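Peer 1: The residues making up each chain are set out below.
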Amino acid sequence: MTMFKRALLCIIRNETRSVLLLLIIFVMGFLMSSSLVIEKACGGLEEQFLKETGLAVMFSYDFEDNVENNALWLGGKKDRNSTFSNVYKTLNMFCDNPYVTDYGYNIYMHGFSDCLYKESSEFGWKNVFDFSDPYAQYTRPLMWGVDRTEFSELADYVINVTEGRSFTREEISGGKNVCIVNEKLRIDKDGVMSEIRVGDTIPVKLVVFSSPNGAYNTYVGNELYSEYEYLKVIGIVHYNSDNDKAAVNEYRDPEMTIYMPNKTVMMIHEHMDNLRNSYEIKKDNLYGVLDDSSLGITNYYLQITDFSKTAEVLYQFEEYADVLSEHGDHPEYVSLVTTKDAYDNISWAVKGLCTFAGVFHKLSTVFFIIVTVLVVVLQIRNRKKEIGILLSNGEKKSKVIMQMILELFIVAVVGITLSILAGYRMAEPVGAALMSNTIEAKSETMSTDDRGNRINRILDVDEETLVEMFTVKPDYNSIVYQYFEGLSCVMISAGMICYAVVLTIPRKIMLDGD
Amino acid sequence: MIVLEVKNLQYYYQDGRKKRIILDNVNAEFETGKFYAILGESGSGKTTFLSLISSLDTPQSGEILFRGKDIKDIGYERYRRNHISMVFQNYNLIQYMTAAENVLVSMGITDNRIEGNKKETAYKLLEDVGIDKETADRRVNRLSGGEQQRTAIARALSTNSEIIMADEPTGNLDHETSGEIIDLLMNLAHERDKCVIVVTHDLSIAGKSDVILQLDTKKKAFTIYN
Chain A
7 MTMFKRALLC
17 IIRNETRSVL
27 LLLIIFVMGF
37 LMSSSLVIEK
47 ACGGLEEQFL
57 KETGLAVMFS
67 YDFEDNVENN
77 ALWLGGKKDR
87 NSTFSNVYKT
97 LNMFCDNPYV
107 TDYGYNIYMH
117 GFSDCLYKES
127 SEFGWKNVFD
137 FSDPYAQYTR
147 PLMWGVDRTE
157 FSELADYVIN
167 VTEGRSFTRE
177 EISGGKNVCI
187 VNEKLRIDKD
197 GVMSEIRVGD
207 TIPVKLVVFS
217 SPNGAYNTYV
227 GNELYSEYEY
237 LKVIGIVHYN
247 SDNDKAAVNE
257 YRDPEMTIYM
267 PNKTVMMIHE
277 HMDNLRNSYE
287 IKKDNLYGVL
297 DDSSLGITNY
307 YLQITDFSKT
317 AEVLYQFEEY
327 ADVLSEHGDH
337 PEYVSLVTTK
347 DAYDNISWAV
357 KGLCTFAGVF
367 HKLSTVFFII
377 VTVLVVVLQI
387 RNRKKEIGIL
397 LSNGEKKSKV
407 IMQMILELFI
417 VAVVGITLSI
427 LAGYRMAEPV
437 GAALMSNTIE
447 AKSETMSTDD
457 RGNRINRILD
467 VDEETLVEMF
477 TVKPDYNSIV
487 YQYFEGLSCV
497 MISAGMICYA
507 VVLTIPRKIM
517 LDGD
Chain B
4 MIVLEVKNLQ
14 YYYQDGRKKR
24 IILDNVNAEF
34 ETGKFYAILG
44 ESGSGKTTFL
54 SLISSLDTPQ
64 SGEILFRGKD
74 IKDIGYERYR
84 RNHISMVFQN
94 YNLIQYMTAA
104 ENVLVSMGIT
114 DNRIEGNKKE
124 TAYKLLEDVG
134 IDKETADRRV
144 NRLSGGEQQR
154 TAIARALSTN
164 SEIIMADEPT
174 GNLDHETSGE
184 IIDLLMNLAH
194 ERDKCVIVVT
204 HDLSIAGKSD
214 VILQLDTKKK
224 AFTIYN
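Protein chains in written order, with our numbering: chain A, 7 to 520; chain B, 4 to 229.
Read the hints as simulated data drawn from the structure, not as lab findings. Predicted model, so just to flag it, every value in this text is computed and none were measured. Even glycine gets a Cβ: it sits at the ideal position worked out from N, Cα and C. Warning: the hint list may mix true and false statements.
Here are the simulated PhoX-like cross-link-like pairs (lysine-lysine), alpha carbons at most 20 Å apart as the crow flies [unchecked claim]: (1) A:K11 with B:K121; (2) B:K121 with A:K403; (3) A:K402 with B:K75; (4) A:K390 with A:K479; (5) A:K11 with B:K122; (6) A:K238 with A:K391.
Between beta-carbon pairs, the in silico distance windows are [stated by the list, open to error]: (7) B:R141 with A:L384: 25 to 31 Å; (8) B:N115 with A:K11: 17 to 23 Å; (9) A:K402 with B:I117: 17 to 23 Å; (10) A:F415 with B:D114: 23 to 29 Å; (11) B:R145 with A:L384: 54 to 60 Å.
Next comes chain A alone, as it looks inside the complex (with noise of 0.2 Å):
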């Protein structure tokens, strides 16, 4: 009878005592490969919402924040030029950086936050958009990933294109004078856009206008120079107010909205920039604007479509994106949102239930270990007269170990089997069980952090989502690990079964005589 064929007897035999360590080993394999699997589950998950969500950087140019702009501004005396210009470099070194290969941004330069209102309510900025506005206090380009490319998936969440078309890619990255327009912009009464249809060309006057008293606030001064650019209109869209979901309306009327390619935007800019730099005037007496007038309608908003590619690289982006903020001209100005931010500020159930998993992993390990020590050594002591006849039969004694370790193995291998399954079959409703519960304890004394809620809003994610996304999926490197890891831990046992064998003197069992 082979060694082998010895160990199958045995365990087979043996029913209760086979059971028992099987399901020991079950048990203890199951807390801690359940646990393992939870733990790497949570660590997946960052990935997985990354690369669900998209690159999304919300880069925040917050000329309030330096005390020193403001009181030049305030003040009437601020160079408008180099404010706006450092906001733009800082924009075009991320957006040209090589972790972006198509990019876009939108930018809201409202100037309507409370230092510059009150200076000019009086002139009625809110009827005016800007691009060029160099005091334009707060910019915003958003880089959006992959699963953002398309109008068309904004047009899920709030605007529906009811005749034409979105953009093409083309339009988008070459900067075509292009342009969807908000069909309530169409009613509008006696203007360039009333009636207007797919087709049709809609002008925007740039003007450059004096600025004889050397503040912001005077582009009603006189006009020095002014051409128009044309507008195809490509599309018409309805806004729906049902399913607001885009942050974009913290800033604008989503209703009296004209769309634009990014790019679009920027060569408009740069056009007028360049327009009003070729006048040999000191800078800071001129400036500017987009004439509203021009299309015969009031109370408007241009908003810059925002397309871009997922960069396949986020971490790097993240790294590079924050050199720049830390290198560019004024740092102080900049913050840099991410949506691995956006994760951090969500996955605080997320952390605490890998923590735990963690913990408990290592705990079950160290209590797998002992148990299974504890039951090895209590069989030997059961086996003890076995051993003695293998061995006064002239059996080797390391037969005899391999022998009890084969048997050891064999059970593990079961037991670890079933451990594995039911760990990977359990993990899942237990660990968003778990998520959820703690979600729902701590949900009415959180307080969360004022950057991360806007960029949420943004991507439309909370605890919750994350919750959802918790999915456990078997992969054969964890796989192999828990066999591994489990099988380490009932083989440390073996050191007792060579112990037991290799003190055994079979003398003092097989003779009872004198």
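Using the hints, position chain B against chain A.
Peer 2: Just chain B now, kept in the frame of chain A:
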């Protein structure tokens, strides 16, 4: 033919500083085809002697020669595996196995050549000692004492070793069964040319034996009666 030779064997326990001598300068020779009975009072060292010649224990001095070769040189494990077999008072069978499986385990351990199909040989050996096939397929913990001891003898035969050593083989058996077991062992010596060495208290067994080795408690050595 002398198969086993014991020369100047000494064995003692170290009891603190005191040396407690069990066997002192013991000499003996064992031949194939003979039935040996080792007699002695309780504590005289009979079982110790058996444990030494079976290499379950080692002497402080002296030699145990198997066919003229020191068993130390043969290797204790190999000696046990190939040259001797043992029958114990308490049978010492693996309880969760059947009688046949116990015999097969022994066959699997020895390096000696087993003729024919091992399983059939095991049944044949068991049949030879009075265990039928049905009984052979029962777990040994369901067998009677006599059946277990017969199984132990079959196991001893299974390795084809020349020496069979038995430590009080009838100690746990009734009178009738004891007689049958002793007859069985004597047959092994006389018909199968084995050297059978039995440690016993039973004088009736001693009376049937070819050679009696009486362990003298005072001398710590044998007095041999042929």
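Peer 1: Which of the listed hints are broken here?
Peer 2: Violated hints: 2, 4, 6, 11; rest satisfied.
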